[in-house]
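Protein chains in written order, with our numbering: chain A, 2 to 454; chain B, 97 to 206.
Derived from the structure by calculation, the hints contain no laboratory data. Heads up, the beta-carbon is just placed ideally off N, CA and C, and yes, glycines get one too. Treat the hints loosely; a few may be bogus.
Unchecked claim - With a straight-line cut-off of 20 Å between C-alpha atoms, the simulated EDC-like cross-links for lysine to aspartate or glutamate are:
id, chain 1, residue 1, chain 2, residue 2
1, A, LYS369, B, GLU159
2, B, LYS104, B, GLU150
3, A, LYS304, A, ASP329
4, A, LYS369, B, GLU150
5, A, LYS369, B, GLU161
6, A, LYS40, A, ASP131
7, A, LYS304, A, GLU349
8, A, LYS434, B, ASP144
9, A, LYS369, B, GLU157
10, B, LYS104, B, ASP201
11, A, LYS40, A, GLU123
12, A, LYS95, A, ASP131
13, A, LYS304, A, ASP258
14, B, LYS188, B, ASP201
15, A, LYS40, A, ASP76
To be verified - Stretch-level coverage of chain B by chain A, calculated; a stretch enters the list once three of its residues show a Cβ under 8 Å from a Cβ in chain A:
id, region
16, 146 to 152
17, 174 to 187
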Amino acid sequence: MVVAALVAGGIYVRSIVGASFREVETIRSARVHVAGMLKQQLDEETAVRGYASVRLPIFLSSYYGGRANLPLYFDRVGSDLATLQVESAVPALKDAINTNRRWLHQVAFPLITTRRNRRQLELHGKTLVDRFRIDASSIDSALARLAAVANSRAQEAVLLVGAFAAAAIVAIVLAALIFTVQQFRLGLRLERQRAASESERRRSVEMQAAYETEKRIADVMQEAFSQRIFPDVPAVRLSATYDPASEQAKIGGDWYDALQLPNDRVLLAIGDVTGHGIDAVVAMNKARQLIIGGALLDASPDKVLAHANFELVRARSPIITAVSAIIDTETLEFSYAAAGHPPPVLLEPGRRARLLDFGALPLGVAAKTQYRTYRIQTVPGAMIVLYTDGAIEHSRNISEGEAELLEAVEAAAQQPTDRAANVIRDTIFTQRKVADDVAILTATFSAAMRRSA
Amino acid sequence: MSENNSIKVVRLSGELEIARKDEIRAALASAEQVTPVLLDLAGVTYADSIALTELLRFCIEAEHEHRRVALVIQSPQFSRLVQYAGLASAFKIFDDSERARAYLDDGEGR
Chain A
2 MVVAALVAGG IYVRSIVGAS FREVETIRSA RVHVAGMLKQ QLDEETAVRG
52 YASVRLPIFL SSYYGGRANL PLYFDRVGSD LATLQVESAV PALKDAINTN
102 RRWLHQVAFP LITTRRNRRQ LELHGKTLVD RFRIDASSID SALARLAAVA
152 NSRAQEAVLL VGAFAAAAIV AIVLAALIFT VQQFRLGLRL ERQRAASESE
202 RRRSVEMQAA YETEKRIADV MQEAFSQRIF PDVPAVRLSA TYDPASEQAK
252 IGGDWYDALQ LPNDRVLLAI GDVTGHGIDA VVAMNKARQL IIGGALLDAS
302 PDKVLAHANF ELVRARSPII TAVSAIIDTE TLEFSYAAAG HPPPVLLEPG
352 RRARLLDFGA LPLGVAAKTQ YRTYRIQTVP GAMIVLYTDG AIEHSRNISE
402 GEAELLEAVE AAAQQPTDRA ANVIRDTIFT QRKVADDVAI LTATFSAAMR
452 RSA
Chain B
97 MSENNSIKVV RLSGELEIAR KDEIRAALAS AEQVTPVLLD LAGVTYADSI
147 ALTELLRFCI EAEHEHRRVA LVIQSPQFSR LVQYAGLASA FKIFDDSERA
197 RAYLDDGEGR
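Pulled out of the complex, with its shape left as it was, chain A reads as follows (with noise of 0.2 Å):
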């Protein structure tokens, strides 16, 4: 629009000033064809008093040019007038013709062909040549008139153009600051945008990065726990697997352990603690240092849970559940406390699967919990589960979860002992995913290795 403006303008400033600039020149030139008359006038006249006074024929060749060229003279002043619309130069332009006329018959060819009257042709030559002057001069004067006004209509136009190029400059320069204004603002709702986008992917690279530090910890405790060497104690076969929640990279407080500590036994520790992330790895290993501990102290289950649960409850650590269990190899006796943890599943060759008594507060709730050493007497060919609540609480009717897990126990049975904990895991987890954690341990007394108490 700007732009519009100012070519429009432009194109009428340049219009103004040009017929201003035409006017002047028509004008200049108008009086110097107005000279050139009189001029012409002059010079015919003193050719003729020289050639009546000396008669020589050289002067009547200026005569004769100024004979031919006086009535283009009057044309040409005769069109500027018209052209300049000057009517009030005209009547004197048609005095100073028919002066001229009346010069030539009355005085030019008398003074030329005859010697007579030499005197009183030449005083009345002088006589029109003079009235010739003044009509001259009248037209030099209307145009000079003329010439003021245009030239100062000229100045106007000068003035104008300077105006319009002064606002054209202003012009320019605040469509310039408008759209460096305009551009910079832009530049700032870009650079906004820009910034908000840049911190909204990074937020989401920080959070992808998170989620792949989880998962890749999940990961990495999944391959440990799969990697795990068992006690090779020949009395017990074990088996175990863990599974991280499938439906995000949540790093599980899931966990077990299989030890074999001195005068033949093993412990079997199960544990979940309440959460996911690094606090719940944090509080998992603590608590598995402190069953660990105690079970190494030579400590009854119900007494490494209790020192357990002292120090958790101290250390403000999240709530955990858990299992601890000594089996001794000798005697196949199985004994264990639970601390709000769901019960062992003990399956006897020749009957069916069944939960085992249970239950005592969490670790970490209050410090005076006392817990129960539970001691069952197994059987060879017997096996003992431990699991965490993932195993049974995926469709939170627990009954229903606790009947799946002793029907999938019992299909285990049938399968090799080093594969019992994959079958329970897949008999459950066939139709649907693993939605929690899941650690399932088991072990599976050798039938050959039996040894009367």
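Fit chain B to the supplied structure of chain A, relying on the hints for placement.
Relative to the frame of chain A, chain B by itself:
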């Protein structure tokens, strides 16, 4: 049973899970430093470990402060979960509210 009016009743029902954590906390907070409290969970059919932890914390705190709390639990599923959590061994649990009220009234009389 005029003393019934003095029993603070906290009622929760349905499936207690992490999504309802704030609601559960608010309900339990309304019975803080109050005694006796009837925790009416008759309509509860499930509780995840987060919800169980909240219930546990409430009961443990009440015990510390020698406040009397009775729980009413009817759903076998939820009852099982409460057993797992060890609540059954540590707190008074009833399968109907009349008996729970009777227990709390009895305590008041002591």
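Okay, the hints, checked on the actual structure:
{"no.": "1", "hint": "LYS369(A) <-> GLU159(B)", "in the structure": "holds (12 Å)"}
{"no.": "2", "hint": "LYS104(B) <-> GLU150(B)", "in the structure": "holds (18 Å)"}
{"no.": "3", "hint": "LYS304(A) <-> ASP329(A)", "in the structure": "holds (17 Å)"}
{"no.": "4", "hint": "LYS369(A) <-> GLU150(B)", "in the structure": "holds (19 Å)"}
{"no.": "5", "hint": "LYS369(A) <-> GLU161(B)", "in the structure": "holds (15 Å)"}
{"no.": "6", "hint": "LYS40(A) <-> ASP131(A)", "in the structure": "holds (12 Å)"}
{"no.": "7", "hint": "LYS304(A) <-> GLU349(A)", "in the structure": "violated (27 Å)"}
{"no.": "8", "hint": "LYS434(A) <-> ASP144(B)", "in the structure": "holds (18 Å)"}
{"no.": "9", "hint": "LYS369(A) <-> GLU157(B)", "in the structure": "holds (13 Å)"}
{"no.": "10", "hint": "LYS104(B) <-> ASP201(B)", "in the structure": "holds (12 Å)"}
{"no.": "11", "hint": "LYS40(A) <-> GLU123(A)", "in the structure": "holds (18 Å)"}
{"no.": "12", "hint": "LYS95(A) <-> ASP131(A)", "in the structure": "holds (15 Å)"}
{"no.": "13", "hint": "LYS304(A) <-> ASP258(A)", "in the structure": "holds (18 Å)"}
{"no.": "14", "hint": "LYS188(B) <-> ASP201(B)", "in the structure": "holds (14 Å)"}
{"no.": "15", "hint": "LYS40(A) <-> ASP76(A)", "in the structure": "holds (15 Å)"}
{"no.": "16", "hint": "146 to 152", "in the structure": "holds (count 3)"}
{"no.": "17", "hint": "174 to 187", "in the structure": "holds (count 10)"}
Violation of the numbered hints given earlier is confined to hint 7; every other hint is satisfied by the structure.
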